[in-house]
Amino acid sequence: ENLTKENDISATYEAIYKIQPIQTYKVYFYETPNSNSKFVKQTMLYDEEYNLKENTFSIFGYKFTGWNTKKDKTGTHYDDKQSVINLTTEDRFNLYAEWEPKSYEIIFNPNTGTGEISNQSMLTNKTETLNQNKYTKQGYYFRFWCTTTPNNATSCPGNHKNDKENFTAEVDDGYYYLYAIWNPITYSIMFHSNDEKNNHNYQEINYDKTVNLYNNFFTRKGYTFTGWNTKPDGTGTPYADQQEISNLIS
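Going by the numbering used here, the first residue of the sequence shown is number 31, and it counts up by one from there.
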């Protein structure tokens, strides 16, 4: 009788031991698929429902879109803080953050120019060709785009981008401004002696710059120089010798 009772006790203990499951498992949340990625852990009990840990990772220029069981995002997707239960029968379950580049808009500022250019939509860290400049400015030609706010129309205090250049901006989201920078055209004034010698002289002037006309050095025997005129017969616009002038052409 004593032997039978001991066998019964042993059988009871053995049955209890066999039905005990693994009590917990850990979920590993990885910021990136890289082997040295940052990660956080969450411990879960089997047969207990949980909300996945809220994402705290951030990558400049990218938005978090959820978790995935595979590094290349081809596995099972889970939303942030999604309710889950019994994710695995193992003691570890890996999830990798899913990221998508943020979008932003380039705004082309004419910087005293005229015309219209539509905003250009871009993705962060993706290289695209800038829209062609369509702005114009009287007396000036377009030089390039300035990436920082300029103090005037002709100088750029920072980096610049050429027209239709391949462009990549490190922008988190929102807007990115490009400012047109202009160079004044250079025009020439031709001074004619307006006599049988037909001598001439040139003066180069930048647009928007005020200067004095060159001093006349022509001479004509028997005549006194009285000034300049835009027409040989003197019926055009008159100018005095060394007159202060600006923007004689448009």
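I should point out that these hints are in silico values taken from the structure, not numbers from a laboratory. Heads up, some of the hints might be wrong.
Said to hold, decoys possible - Cut-off 25 Å, straight-line C-alpha distance, at most; resulting in silico cross-link-like pairs (SDA-like, lysine to any residue):
(1) LYS156 / LYS71
(2) LYS239 / PHE197
(3) LYS227 / GLY264
(4) LYS101 / ASN149
(5) LYS164 / SER113
(6) LYS71 / LYS101
(7) LYS83 / THR62
To be verified - Here are the in silico distance ranges between beta carbons for each label pair:
(8) TYR253 / ASN181: 44 to 52 Å
(9) GLN168 / SER133: 54 to 62 Å
(10) SER151 / GLY266: 18 to 26 Å
(11) ASN181 / THR216: 21 to 29 Å
(12) LYS239 / PHE94: 15 to 23 Å
(13) ASN182 / ASN228: 39 to 47 Å
(14) PHE94 / THR216: 50 to 58 Å
(15) PRO63 / ASN192: 55 to 63 Å
(16) GLY188 / ILE89: 43 to 51 Å
(17) SER151 / ILE275: 44 to 52 Å
(18) THR106 / ASN189: 42 to 50 Å
(19) THR104 / GLY169: 55 to 63 Å
(20) SER133 / THR216: 38 to 46 Å
(21) PHE94 / ASN277: 51 to 59 Å
No residue lacks a Cβ here, since even glycine has one placed at the ideal position from N, Cα and C.
Practice item. May I ask which of the numbered hints given earlier this structure violates, with the numbers listed in increasing order? Key: Of the numbered hints given earlier, those the structure breaks are 1, 2, 4, 5, 9, 10, 12, 15, 16, listed in rising order.
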